[in-house]
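Here the protein sequences line up with chains A and B, keeping their order.
Counting in our numbering, the first sequence runs without a single skipped number right up to 238 at its last residue.
Counting in our numbering, the second sequence runs without a single skipped number right up to 110 at its last residue.
Read the hints as simulated data drawn from the structure, not as lab findings.
Ideal Cβ placement from N, Cα and C applies to all residues, glycine included.
One or more hints might be untrue.
[Said to hold, decoys possible] Here are the in silico distance ranges between beta carbons for each label pair: (1) D165/A x N83/B: 27 to 37 angstroms; (2) E89/B x L132/A: 37 to 47 angstroms; (3) R67/B x P236/A: 16 to 26 angstroms; (4) Q85/B x D100/A: 51 to 61 angstroms; (5) R67/B x L132/A: 31 to 41 angstroms; (6) E143/A x N52/B: 44 to 54 angstroms; (7) R54/B x D100/A: 33 to 43 angstroms; (8) A148/A x R67/B: 18 to 28 angstroms; (9) K123/A x Q90/B: 40 to 50 angstroms; (10) S162/A x R58/B: 19 to 29 angstroms; (11) H200/A x R54/B: 49 to 59 angstroms.
[Unchecked claim] Going by beta-carbon spacing under 8 angstroms, a handful of chain B positions derived as facing chain A: (12) L35; (13) F37; (14) G84; (15) G109.
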Amino acid sequence: MNDAVRLQLEDFSLDVEVGAMRARSKRIGGIAAFLGCARDFSGEHEVCEIAFDAYHNMALAELSSLRDEAIAQFGLIDACIVHRLGIVHAGENIVLIVTGAEHRSPAFDACRWLIDELKARAPIWKKEITPQGESWVTPHP
Amino acid sequence: MINVLFFGPVAERTGARQIVLNFREGLRWQDVRDTLRARHPEAFKIVSIVAVNGQRVGEQDTVPLADGAEIVFMSAFSGG
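Chain B on its own, in the form it takes in the complex (with noise of 0.2 angstroms):
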């Protein structure tokens, strides 16, 4: 299982906070990544932020997902 949450304006354009993906060996956060983009392109326009397991990474991180990982796709913060 791979959760997927989402929050604030991408929450809003894929109309969920919460996905969950069946997990496979070798899957990577980038699978995931493309996955979601091809269903719900208005949200990942604005995607510019990744995290794994709580930890930012970026497109050079291709350690596949553990069972259990928890992917998060986020717009550019605007708190404070």
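In isolation and in its complexed conformation, chain A is listed as follows (with noise of 0.2 angstroms):
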């Protein structure tokens, strides 16, 4: 079984981490994810490919405790945050979270809550790059 909090290399599937979700509870009544994804284009650039790059262990233990607060805060049953690194390719998935209540409504709340704080606490890094060159991406909201 996979572990619920992930950095890694390869992709990952919604469909698999949904699934998995369902089958570790039967008292969840409504999911809600939030799947981030690269795109071809930021501003006025084409873009190629994405690279991550994460200070790894303090990423995953970031991204545990969110967890565990989302968990606490909005009363989720279960939830999961899958983050790649390296290389990601233009349409390629970048993020997901998957957030498992009984009802929908903390599902839907904490699943905005937790994208929005992964991007401020997480300290992982984007670079994109264009068929002009390289770049790191400065925050934004």
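Dock the two chains into a complex; use the hints.
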């Protein structure tokens, strides 16, 4: 079984992660998911791929803390966070958050909260690689 | 030994992902920053977050480092 919080080079599957969550608990009545994807355009530039770097140990610990906080704060039954590292090509998956609760409202709220907090708290950086060159992305809301 | 790590844009500006410094009694993370900032001023222009042994620290944290400590100087995060 996959860990509920992961940083990985390889792609992931929304269906697999949702299926795993459903298999772990039949008390879940609502599942929300956020899937972040690599765009092929940013600002005025075509983007070929995105390179992700991370302070792996701290990032993993931070994502685990976020999961624990979300479960406690929103009364979730389960949550899953997967973030890719290394090279991600345009159109591919970057990050997946899946939240499961008894009802839809806490699942939606927790999902939004988790991606916002991940962006602010997880030591991960991305560099856009374009035909014109490479540049590290400045954080934005 | 003090193990200093860099990632992402800071690593690119220092040209290194790791620098090892000699340990001495009473050394604080601010002393390490001052030493490395003099060597890599462009990198430290974008440093806004510091972690010692995986925990974020601030200017108010002045506890001396232990031998073997890991310090990471980081720019603002941009994951997700």
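Evaluation of the provided hints:
In this structure the hint that D165/A and N83/B lie 27 to 37 angstroms apart at CB is violated, the actual value being about 20 angstroms. Taking 37 to 47 angstroms as the suggested C-beta distance range, the pair E89/B and L132/A conforms, at roughly 39 angstroms. For R67/B and P236/A, the Cβ-Cβ distance of about 22 angstroms falls inside the hinted range of 16 to 26 angstroms, so the restraint holds. Between Q85/B and D100/A the beta carbon distance is about 22 angstroms. The supplied range of 51 to 61 angstroms is therefore violated.
Separation of R67/B from L132/A is about 40 angstroms and conforms to the stated range, judged on CB atoms against 31 to 41 angstroms. For the pair E143/A and N52/B, the supplied restraint of 44 to 54 angstroms holds, since their beta-carbon distance comes to about 47 angstroms. Checked against the given bound of 33 to 43 angstroms, the beta carbons of R54/B and D100/A, roughly 40 angstroms apart, stay inside it. Hint check: A148/A to R67/B, Cβ distance near 26 angstroms, so the stated range 18 to 28 angstroms holds.
Between K123/A and Q90/B the beta carbon distance is about 49 angstroms. The supplied range of 40 to 50 angstroms therefore holds. Remark: the range hint 19 to 29 angstroms for S162/A to R58/B is upheld by a beta-carbon distance near 26 angstroms. Between H200/A and R54/B the beta carbon distance is about 58 angstroms. The supplied range of 49 to 59 angstroms therefore holds. Against a cut-off of 8 angstroms between C-beta atoms, the interface hint on L35/B holds, since the closest Cβ of chain A lies about 7 angstroms away.
Restraint check, F37/B versus chain A: the minimum CB separation of about 5 angstroms is within 8 angstroms; hint holds. Nearest Cβ of chain A to the Cβ of G84/B: about 5 angstroms, under the 8 angstroms cut. The hint holds. For G109/B, the interface hint holds, since its Cβ comes within 8 angstroms of a Cβ in chain A; the closest pair sits about 3 angstroms apart.
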